[in-house]
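Heads up: the protein sequence lines correspond to chains G and P, in order.
The working numbering puts the first residue of the first sequence at 1, with every later residue one more than the last.
The working numbering puts the first residue of the second sequence at 1001, with every later residue one more than the last.
Please keep in mind that the hints were generated in silico from the structure rather than gathered at the bench.
Where hints are given, some of them may not hold.
Said to hold, decoys possible - Result set (PhoX-like, lysine-lysine): computed pairs, CA atoms no more than 20 Å apart in a straight line:
1. G:28 with P:1215
2. G:75 with G:2
3. G:28 with P:1414
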Amino acid sequence: MKILNAARMGRCIGCHSCSLACARLVHKRLSWDTAGIRVESAGGITAGFEARVCLACDPAPCVAACPTDAFTQRKGGGVVVKRSSCIRCGACAAACPVDAIYLDREVNPFVCIHCGRCVAYCPHDCLEMAPGRGEGGEPSREAADGA
Amino acid sequence: MEPRTSFKVLVVHCDTGRSEVKANWSVDELVGGSGLAAGLFAAYARPDAPWDHPDQPLIFAIGPLTGYFPLMSKVVCAFVSPYHGQYAESHAGGRLALALRFAGYEALVLLGRAKGRSALAVGPHRVELKDAHYLWGMDALATGKAMRRVFPGAEGHRSILRIGPAAENGLAYGCINVDTFRHFGRLGAGTVMAAKNLKAIVVQGEESQEIPEGKAYPDLFRKIYRDLTATPMMSKYHDLGTPQNVIPLNELKSLPWRNMTATSDPGASGISGERFAEKLLLRNTACSGCPVGCIHVGMLRKQFADEHQFAYYKVAYDHELVFSVGSMLGVTEASDVLDIIDEIEKQGMDAISAGVALAWATEALQRGVVGQAETIELLSFGQAEVYRRAMAHLGGAANDFYRALGQGTLAATKIYGGGDFACVLGQEMAGYATGEAFFTSMGLGLRHSHLDSGGYAYDQGNEVKDIAKAVGYLVKDERLRCLLTSMVACLFSRSVYKEEVLADCLNVLGYAGLARDLAGAGERVQKSRWKLRFDWGYDPGKVSLPKRFGEIVTWRGPMDADYQQGLRAAYARAIADLGKGGGQGG
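Looking at chain P on its own, in the form it has when it is part of the complex:
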């Protein structure tokens, strides 16, 4: 196996259907995944044009270790977000990472806008753009099924990406569904795909790749596989999955309930990981290349006639969804949570944003900020069937109110008011009301994601309010995560893939230069991403931290406004410094 020095990138011009293969992207400089995506974004994106300009790229990138080691199973998607008009990154797994590896590309870049509504197939020996007008308007789950037959000859191992009506209707958080159960969920990647007139993409992975000669590689693989499948952390992910967090967070008074008017509620037992596992868990499934299998698929059984006539639906659930359409909406029956998720899946929306947006709408209706003329439904916490219908209104952009809410909760508050109780941290919050470090990390973070940095863990492990220590932790943890998302590892594997293990992996595959400079690589990627965000106009000072975040009480007591303000200011300075030192961006 010859050491690779550059990444191979397929650039598809959706306007012409032509494509180019480019192999001039340096491994040592760009690292892969997050770093490669940032480098490609810097090269192709236009800061002077809006998010939906045909020239703006939609990028999917894997890394040097993708497929070669277990849990190296994720893909980084980079785009200009319709949510905030700036650089955005979203991650997903499914079969896409290995499909790209076996298609022979480390990145796929989509440019231009297809002339008509289309679907795209790419593989090692295929780039085909074809008319798919008949799929437009179809829900994301039905589209996936239809796509199995749209491209003859693509029946083997493949990944199917598709969007639903929400993205077609221009929601700022329309997502890309990947292989039914995974998503590029946050910040509107699906809506960018819709702007390219692409309903679906099939990635065929059918070309085997070389491995190093000798025993070193299979021996290292065996050791890592053993370590990953033996750690307690991994059993947590495949046992109850992330919903195992529901009860502990609720007990810590850190689970947001009913638009975060409370942080704990006895109803948690009805939507706990344990309850889902006992009553509804159908099976686990996995991203390709991951033996953990954290994807928990529940069975939703619905009677559709007076006789004993049932339809059943398979719906994946995770902590974030249980929070956003469970506790946040006051829904305390696990099967009701699955029912609402099912509608979100069909609409093709980011589930966190959709749930948190409707939580705000419910309180806004209660307070008289909006009326039922706007919400159509009589939104009321705990009313699952109402929320299911409201999700369809949201994805369908049913009226001016839902159209505004589809641009983000803060966008709706600019028209209707109610900004004080919008649970937004850069985008709709994730399910951790743990305190000041998390609110800072997600509110100001590069992706406005709970996964940018472990702020929620820091809150839970550190009682002393030390601003310098907290900022130091957030910056360092983000750097380590940048390295992992450049390989591209699932972040669930972070307890095993320490820097020295990553170095061993890179060395055995012949990436000696990268292996020698891993700390530098992580820092480079971190800086390049921050440089991109600031180059595109990001101002952390303008990020609002709505009043609601200061009103809650956790197990540590009320929020500390001074600590929150100090932390926010110090972290804003830290990321601005990182942005000034960026390498490849701009």
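Extracted from the complex, chain G is given alone in its bound form:
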């Protein structure tokens, strides 16, 4: 299964269209936080932007940390989320090594499910769907400030 790759963040203009698309289309909210991908300035708006998004780990530390199997391993990397099983303990977010899981005030976790619905809303082609782990390559990325 393909995975979302924030491959060209050097092009990002910080418009948040990807986050807003994820919140709108996946989580049915208007938000720049409750989304699987979040865009943040890399040390102030003058320094460019970086994406906080799931790196599609396999095995995923958040899956191991989840006590109720609300997070299970996704083929190709990342997780499958079963919200009805979530007890909102926040262990997944604590386990994520790159802070890619957002917790809202009620401790609901928001993580990328690699569905790719945000990709079409990036005006600068920063995002792509790439082969999953073990399916033809490892995702590559530019550094946040890279060209």
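Once you have looked at the hints, place chain P on chain G.
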């Protein structure tokens, strides 16, 4: 998603640190943005008190579509202007519009004066006013950096507003810097913030909002997003940006040069949008919620030692700035333009007013109206380093002359003379010497802004001098813009957000009443704003149109004094009529 019938407003009393949440502001009546700001201003402002009275409000308002659709990314700021002592509106983007949406408020109203020099943080679960005396005197860019650490717990998505020394020193055009690259620039909003003893405001946006169920909303969003990113107009804004106007305006003999002693000059190629893009453009950036990304950030590299030691600075540029500190000051090197802008950013001044004011000062020095004892520097067109230093004198109110100039060019002419060549249209002019319709629109317009109405476009598209047609255009175009700035849309999106599209957007979000009566809503907002201006003593007959505006030559030839006078009189009557029919103002 329940249809909303009222706007939620946070009122912060800066004197006590207490605040109130008020949810009794009618959507159908006030529309949002410009309309909401005018309604709040009418309710809170005191016509009997000066601009810096603690009771006067500083208002930030968004609209019903903010964040829900692309390019609905602007905020309206309303205040009593230190420039003219009346109702004023200024617009900015950055992250502020979405931060207010996700803070859960359609407007923030600041009342009172903080007891000490302070900074304010607001969010969905926070209102905190704290001592910030240590920030006073700090430049606007450094203040933004410092503010990232001042309020622990506000590290997420947020907007940071701040002022620089110019506002603290009482300049009538001290601005509010929004997220480094955007500004509530014109007419002195920053100086009002200084009068409230506020150096900076952080708006935390961390609460998600509901959207309508079903497919209609995401489908409409997709269509509008596609339309906005596909139009040639949008590519213009993200390609070269607004400085793409420099060459065409110069060729039309409509770009003011050297205090508008000329309208065209071969030096334009050195400060064109193309030159900036080829040599200095570092990157584009965007207001939150806008995929266009019109903000052009240039890289200024400066050697600071004999060895190869460089510092680099990231400086945003736009047509208006390229005009005001480029052509208007005779500066024809793009990197010099960035250098002067950088100083203006640090001082926290409106860049248009600052550049045009120094252009007047330069001619005044040349003519002997003032001497170097006043200007400190030997101001001379084209001398960028001199202008950089002069900008610091202006922001720093270095002497009586700069203090007077900081109150506006006309204020300085009242003391020193030289009014004939002051390039002032209600406030320092914007970068379009296109002719009579623009001079009328900006000179008499509600905000004295080039964005009040498309007067510059009318001049360029209409050779026939038809006063009734021109006035009809200005009034109608302003009404359409009022509607957009009530939603609150970026005016760059006006080719897509036609009335029927706005109606679709409002309908899908449940604002059926507003959607049914959009034409009426635009007219209501337009009238309410004009009523406020007239209630506060505005007299269009007293607006001076300095002699210089009659002396220029454009591609249409010399200015037509009769047409100019007729247009001005007819437009003054039209806006007075609008002011008499106002709804919520007063």
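A quick look at each hint next to the structure:
| no. | hint | in the structure |
| --- | --- | --- |
| 1 | G:28 with P:1215 | 10 Å, holds |
| 2 | G:75 with G:2 | 9 Å, holds |
| 3 | G:28 with P:1414 | 59 Å, violated |
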